[in-house]
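**Student:** Top to bottom, those sequences are chains A and B. 1 is the number of the first residue of the first sequence in my numbering; add one for each residue after it. 308 is the number of the first residue of the second sequence in my numbering; add one for each residue after it.
This list has only true hints and no planted wrong ones.
One side only, chain B facing chain A, incomplete, derived with CB under 7 Å:
1) Ala507
2) Leu510
3) Arg511
4) Met512
5) Gly513
6) Leu514
7) Asp582
8) Tyr583
9) Val628
10) Glu629
11) Phe630
12) Asp631
Here are a few chain B residues that sit away from chain A, every Cβ distance over 10 Å (derived from the structure):
13) Asp329
14) Gly339
15) Gln343
16) Ser382
17) Arg466
18) Gly476
19) Leu497
20) Arg528
21) Ala534
22) Gly549
23) Asp694
Bear in mind the hints are in silico, worked out from the structure with no lab data behind them. A quick note: this is a predicted structure, and the numbers were derived from the prediction, not measured. Using N, Cα and C, we set each Cβ at its ideal position, and we do this for glycine too.
The chain contents come next:
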Amino acid sequence: MSIDHSRSLLDIEHLEKKDILAIFRLARRMNPSRPKNTLYGKKVILLFYEASTRTRVSFELAAKSLGAATTLVTATASSIEKGESLIDTGGTLIAEAADAIVMRHPSSGAPYLLARHFDIPIINAGDGLHAHPSQALLDAYTILKHHSELHGLRVTIIGDIFHSRVARSNIHLLTKFGAHVTLCGPPELAPEACLGLSTGLRLTRDIEDAVHGADVVMLLRVQKERLQGMALDIEEYISNYQMTMDRLKLAKRTAILMHPGPIIRGMELTDEVADCPQSVILEQVHNGLLVRMAILERLLGAKGAQA
Amino acid sequence: MRTRYSLLIRGGRLIDPAAGVDAPMDLLLRDGRVAQVAEPDEIRGSADEIINASGMIVAPGFIDLHVHLRQPGQSHKETIATGTAAAVAGGFTSVCAMPNTVPVNDTPDITSWMQHPERKSVTNVFPVAAATVGSRGESLTDYAALKRAGAVAVSDDGRPVLDSNMMRGALIAAKMEGIPVIQHAEDTRLSLGGAMNAGASALRMGLRGISAESEYRIIERDCELAAETGGHLHVAHISTAGGVRAVRKAKAAGYNVTCEVTPHHFTLTDAEIKDYDTRYKMNPPLRSEADRVAILAGIADGTIDCIATDHAPHAYHEKEVEFDRSAFGITGLETALPLTLAALLHDQKLPLPKILALLTSNPARIIGKNNLGTLVNGAHADVVIFDPKKRWTFGANGSRSKSRNTPFDGWQMTGKVLTTIVSGKIVFQS
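So that you can see chain A by itself, here it is in the shape it has in the complex (with noise of 0.2 Å):
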């Protein structure tokens, strides 16, 4: 009943820290534009019990780039609409002779629930409001463009911590590296429970407080389909947490705009600040497509190309 956490990518608690930058190292060699064929005869299942666009997009790209053939089950498709279980569902699935399942489910922790009863790769796409391994990995990375190292960076979160699990997922692997992170949001979405996620993090209401001096700052989207009646003030959550261009100049003059996407113009932040020089958030999306790429290389490929 126990899991081999070494041959899937479930969380990030279960890397280590040489892990992480062996799959960055690996990403620097990727390039999408010239596919390799390491992962040659390969089939990699994309099990989406939940709406993606990107990570969807990139983990399918990242497969064919190195040769895999990829196969894309959602939920409304399929014999899961008519109540097969998800172990059945993996079962077959794996009868089907899947190599890995790279899966995005509502509910936390169901990549657990293949990983425990299947031997092959399970690659957590995002799972309800837990973890986003891959997005965290991709973030770092991209962090890591521009700013030499992790340890000491002032980063700085905002927004929907509470239902995000991009938020947990950053949180772990920046605090792993020594980043100062500093998560900033309204009690309903940050409450200060979420100082327990974490050793070395700082909370606070105020948005300049949270932003002067950032190297990072990072923005999340306000998760209105998982507020469950929770009463949110729109108009007062713009006034108080909306990245505008005034708010932005608080941080260093180096510092870099992150979002892991999709972006609401508007809500979490301006028009003019999702497009400034300073935002990273399309260099993100090329970046995932890399590390996504080093993931499966990593977990599918032969051993020895294993960095």
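Following the hints, position chain B against chain A.
**Tutor:** Same frame as chain A, now just chain B:
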């Protein structure tokens, strides 16, 4: 069947908390009753069967106020026969069967059906009938008729009575019948969608929480209603420091309030849930270490009256799914004694008679069964013999329950039931 069957248990250390006995004593059972309790080797004459209990503890059979036997309607999870078979393997000789069956046990007919010999129960089965029709919280069931049919308490376990007027009515009606109202204290309006204890672990795991407040607010309210009505409130599976505090306060004020705790709530905490293992999912959920410590203090100072398992069997396909979709509950009958000994005897150093009172005389008193839970002359001959030092490994696959949903699979245990006797007959031997 023999008419004059007798059984002599010799050489054991007899612990009968109700009688204040803790001494080497021999015990003669005849015709389903305790015939004689005497100093070693004082009992003369022959018996049909003699058990040598030297080095063992001999105690009244355990009484579990909180068991889900799943019949009628959910026999894929458990039957009365398999659930009580698991019970005797754990030393239990009486179990109280919760009413969340299909259909809900809200009638004398179902209450009688559960006790019928055709169910092949090997323990005493005492139904707890629904407190409201269909456990819908809209109108009270007929407590007098249910009691006549054998119900020992009423409860809407799992679907708590949230409406204060309904709960007040239940306490008044139950008082007239001399039975307790058992409340699963959870304000389900506060805990909607929760899968585990609200706290640091839930936040890290991205799971919605069931707050401690959702429990203790209901306990606080119910204690006030018990005070107002004089009815007997029994709080099921208390799990929070706030809940223990509320019951302690109510008892100090002299209210008619009792409560139970499960072995898993004084053994585990929410920090031990790893890799979304659904065998750790139950309701009330595993709480924080501070709650666990408060529960242990509540046991030590007598705030907590008894240990109940909340044995909640579920089939594999109901448990082995996504954590937030998995059924709440774990089995508990076969692991209760060693878990209790580990926490209360070995860790907390409580005296064994006090610990056994939590499993025998105290639950008997709560359901008004004065000839159970004790081994004085004339009492019901329900006996457990266990070796408090025996080390063994619990394997869920070897369970007598139909279900395997327990986090204690593979645990090293100390303390093992050797023989269980119901109505003077041996029903289990390991």
